[in-house]
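Asks: If you want the building blocks of each chain, they are given just below.
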Amino acid sequence: MPQPAQYRGMALVIPDNDSEWTEYFAHARQHRLMMRACAACGLMRYPPSPACPWCMALEWTWREVSGRGTIHSYEVVAHAIQPGFKDATPYVVVLVELDEQRGVPTPDEALRIIGNLVTADGAMEGERDAAIGRRVRVVFHDVADHLALPQFTLTDEPPVGRVWRLPE
Amino acid sequence: MATSSLRDKYCIVGVGETEYSRHSGRTTRAMAVEAIRKAILDAGLRASDVDGMMSYQNGDSTPANWVAPDLGIRLNFYMDVVGGGSSTEALIGLSMGAIEAGMCRTVAIFRSMNGYTEFRIGGTGARAAQPVRGLDLAQVPFGMRSAGQNFGMTFMRHMYDYGTTSAQVAHVKAAHSKHASQNPKALLKDRVTVQDVLNSRWIVKPLHLLDCCLETDNATCVIVTPAERARDLRQRPIHIMGVAGRVSKPRTDFHWAHGPISRVAGYYAKDIVFGQAGITPEDVDVTGSYDAFTFTTMLQLEEYGFCKKGEGGDYVSSGVIELGGKRPNNTSGGHLCEGYTHGMNMVIENVRQLRGTVDDYCPKAVDGVHTYDYGPRKCRQVKDVEITMNLGWAMPPTGSAMILRK
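As they're listed, the protein sequences go chains E and X.
Per the working numbering: the first sequence = residues 13 to 180.
Per the working numbering: the second sequence = residues 220 to 625.
A hint or two may mislead.
Using C-beta positions, here's what the derived DEER-type ranges look like [claimed, not checked]:
id	chain 1	residue 1	chain 2	residue 2	range
1	X	Thr246	E	Pro102	34 to 44 Å
2	X	Asn295	E	Arg174	54 to 64 Å
3	E	Pro95	X	Asp603	44 to 54 Å
Cβ-to-Cβ under 7 Å is the rule here; a few derived chain X residues that face chain E [said to hold, decoys possible]:
id	residue
4	Gly342
5	Pro350
6	Met363
7	Ser365
8	Gly371
9	Met372
10	Tyr379
11	Leu417
12	Trp421
13	Ile422
14	Pro425
15	Phe473
16	Trp475
Beyond 12 Å from chain E on every Cβ pair, some chain X residues (computed) [claimed, not checked]:
id	residue
17	Arg226
18	Pro282
19	Arg293
20	Asp299
21	Pro582
22	Pro595
23	Lys625
The set of hints was computed from the structure by calculation and includes no laboratory data.
Remember, predicted model here, so these are calculated numbers, not experimental data.
Glycine is no exception: its CB is placed at the ideal position from the N, C-alpha and C atoms.
In isolation and in its complexed conformation, chain X is listed as follows (with noise of 0.2 Å):
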């Protein structure tokens, strides 16, 4: 499918992130806070160039209306909106959108969640006790609440249809967990094997413990304006080449009823967003696929066209995703291993990458000297990265993508 693209106009200019804990202890809105005055202080901008907000949330959050005034923004447009995994790259488009129609001219988005010390996304707690109705009543009185076991069934059946194992895919964790010993900032910092993984215990099987990503308490920003705008700031502009937003497989009001249930929406997301862009998977040098479970970056990484569809278990545990490797995925940790943020961070990061100002253990990162040695608490910046790619997910049959240039 063919759409129209605003290839190049628009780039990321700012970014900002608080500590990925599981102790916040403060609110949504002061860590909100935090992320968004980082972002602008890391562009360049002052407060008042900043006239537009987006964030996303499940009433898990504070509302920009609420958060701009403490910065002390004024905002020309700014909208919340409810959604958690694929929103940032979504919300990219829609900011771009914004500014295009003259509503606005720079947007900071953010995401800021106490998705470990409040409102915790495995579904325990408070949500666990929360009343079904509606078109849950088709799942969730069948013990099927957790994310893990929303796309339980669609892992099961990729390994049904393509003979997928469970070693494949544990060297998701493995790799993210060695990019993430060489980032400060990440909530575990230990290399894990894939005995480990599959030695851990079982959650909703094909899942172990450390098939899943973490819970975290944190908050993250980017800030969108045009590029004309971009060239006048502190950092290197990051050009948004293409970007796809929950693009949908049919039947979201349930998905299993129009299969292959192994397919995902990357499926239908990977025209749109190759054809803005001009380039195809072999143009990406580093990838950020969404990692909730180890599964589903492997299931993303083979829709989106970086392997064939079915060999995504042999793809990713060839060495190709690891730093080091031809493409790497995930080199800020993930959600497997730096934090769980609902997608933003491995926007961040890949933006941190295309700068080539990684802020890894390297002591001149900031300045962009590295020394691309991988070992554990030294170095995860790429060489020469000159593209990057985002491929969000938000559910089996809903996910987002943006590719990124320098």
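Pulled out of the complex, with its shape left as it was, chain E reads as follows (with noise of 0.2 Å):
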């Protein structure tokens, strides 16, 4: 992969002995959400990491997930940090739970990852439609030849529990 790949002014940083996220971005660029199965329990984690968290077994594969979820939390970032981010703000940050794996192993747990709200066709999405509940699917953003981020947009599958947003 070259090194490193540029996004909104950031150098993100993937060796090939990046055990961990390599093949992820990789599958990625292909735009398939993968996630780390363990061999022994079956559970799967995100992010990808080297042991099973629930039994320690270090065999593992990857397998598909649908890259549908609910938006568990939000976040909008008024104030942008890094400069690459100054002309998308507002922008949203969206702790999406995915469909599978909700409450497993216990009822705390479950696949969340994190990305950006954005629209169908991957700009920003604005602030308006955030919130918690509300349905999202994943959407793939092209970055470099074996790396695409995955990101999330709304849909119109009715929402999971109660609909809330940060009130104006």
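Using the hints, build the complex out of the two chains.
Replies: As structure tokens, this is what we get:
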């Protein structure tokens, strides 16, 4: 992979020996959201990590997930820190709870992932429609030949639970 | 969880700090030397009495072995650890361990940072340009780098889970600004109202500008030694009843994986620290709850049991945490108003509260004579303080705590 990949003024460094991330982002470049799944107990985990946090097994496989989920929390950045985000404000960061493996293995656990809330064609979504409980699906932003960033866009599916957004 | 305890066997005997400013104009080495020197003199020690030194930093400071010789100190033990918030209490605990192991006798712990003029804590400047690798790839590419951006989703979920409002947590800033108006050292001495907080511009929703702490140049120091040694020193010994350090939630690689995400590390730390001290929250007279943001104070006070989980918004807006209230918090003004030190200034303040010699505007404060008039530019000493508690925050999933007594 050419190093580093440039995105919004940031150098994203994923060397070939990055045994956690390299394949994850290469799969994302194929527009597939893949989680590491434990070969022993079968549970998926994110971010990709070297061992199963539930059974300590070192063996794993990649398993594709639907990329559909629910906004578990969010924030709206009005004052950007990174120079490459200055022109994107206000932008929305979402914590998405994926549909697979919710409340497993304990009720407080889930496969959750962070991304920006974007429009279907990948532009930053306005904050007006950001809300806990809204449904989203993954879209991929191609950054380099072997790297894409998973992002999330709102869908018309009925919300999960109570819909809530920060009062104006 | 029961842990063993060294309750009351160790004391904080000296405290010191430099000016809190946005223009230090000098090195972290020079500032550290000033803070340590002041703490040594405060304790009534000589340089040769200090034989241990610890510091914490994020590549933004000067290590102990470069600072100690400036004061003629030869060390039997030193260690500089990576870390920011929640390090103070943890390092005080580790210093007790080093002394208990016979490695040294008296430890100076310092934090020195040009947090405004060099390495800005908010993440702007040099930090914003750093390459993104490892676990940072899970969030930084999405514009989530600064502390406020790191914590915002935790705060938002607390509002969802419990109905906490912006106005409720704004009371934390209002209270701390009131306290800072009685602190000659404070960087911001002007009182602000809840409405001022709500009217300030958004930084990262749900945080307004005035929900966020300061960026500051300064150094701070505390000195720890065994209680039997402390009895012979200049100040009233302040005893360490219990300490918990960098207690963590599960999955610190990505703490959002293990909810509830509105739960913070105090959930796990409280039994350790209260268990050692053998007291309950009701016994605590003054708290120092890390106020990187208004929300962090609120989250910790409820997690440690000063109110029920979820009722933090009511608690911090009830007047309890203000001077004159039942259990004042951050009587120096804390990170929101006095200055940002990664937690140590709140420990220093609690030590002074317990001594009864808070450095407010009372003319004879140094002799422990106070008016207890909590008007602007007046007194900030709390009456009859017996027990204080510090709640140290690093991130939502990591925290430290310490209970002190006279």
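Asks: Work down the list of hints and note, for each, if the structure agrees.
Replies: Each hint tested on the structure:
1. Roughly 38 Å separates the CB atoms of Thr246/X and Pro102/E, a value that falls within the hinted 34 to 44 Å.
2. Roughly 59 Å separates the CB atoms of Asn295/X and Arg174/E, a value that falls within the hinted 54 to 64 Å.
3. Under the hint 44 to 54 Å, the C-beta atoms of Pro95/E and Asp603/X, about 52 Å apart, fit the expected range.
4. Residue-level restraint check for Gly342/X holds (minimum Cβ-Cβ distance to chain E is 4 Å; threshold 7 Å).
5. The closest approach between the C-beta of Pro350/X and any C-beta of chain E is roughly 4 Å, which is under the 7 Å cut-off, so the hint is satisfied.
6. Interface hint at Met363/X: satisfied, since its Cβ lies 5 Å from the closest Cβ of chain E, which is below the 7 Å cut-off.
7. For Ser365/X, the interface hint holds, the least distance from its beta-carbon to any beta-carbon of chain E being 5 Å, beneath 7 Å.
8. About 3 Å separates the beta-carbon of Gly371/X from the nearest beta-carbon of chain E, less than 7 Å, and the hint is met.
9. The closest approach between the C-beta of Met372/X and any C-beta of chain E is roughly 4 Å, which is under the 7 Å cut-off, so the hint is satisfied.
10. The beta carbon of Tyr379/X comes within 5 Å of a beta carbon in chain E, closer than 7 Å, and the hint placing it at the interface holds.
11. Because the beta carbon of Leu417/X sits about 11 Å from the nearest beta carbon in chain E, more than 7 Å, this interface hint is broken.
12. A distance limit of 7 Å between C-beta atoms decides the matter here; for Trp421/X the minimum to chain E is near 4 Å, and the interface restraint holds.
13. Annotation: Ile422/X was flagged as interfacial toward chain E, and the flag holds, the nearest CB pair being 5 Å apart, inside 7 Å.
14. Interface hint status for Pro425/X: upheld, as the beta-carbon distance to the closest one in chain E is roughly 5 Å, under 7 Å.
15. The interface hint given for Phe473/X holds, since its Cβ lies 5 Å from the closest Cβ of chain E, which is under the 7 Å cut-off.
16. Taken as an interface hint, Trp475/X checks out: its beta carbon lies about 5 Å from the nearest beta carbon of chain E, inside 7 Å.
17. At roughly 33 Å, the least C-beta separation between Arg226/X and chain E is larger than 12 Å, which holds for a residue marked as non-interface.
18. The beta carbon of Pro282/X is kept farther than 12 Å from every beta carbon of chain E, the shortest such distance being approximately 27 Å.
19. The claim that Arg293/X is not at the interface with chain E holds, since no C-beta of that chain comes within 12 Å of its own (minimum 42 Å).
20. The beta carbon of Asp299/X sits about 26 Å from the closest Cβ of chain E, which is more than 12 Å, so the claim that it is off the interface holds.
21. At roughly 42 Å from the closest C-beta of chain E, the C-beta of Pro582/X stays outside 12 Å, upholding its exclusion from the interface.
22. In this structure Pro595/X is separated from chain E by more than 12 Å, as the shortest Cβ-Cβ distance comes to about 30 Å.
23. No beta-carbon of chain E comes within 12 Å of the beta-carbon of Lys625/X; the shortest separation is about 40 Å.
Of the hints listed earlier, the one the structure fails to meet is number 11.
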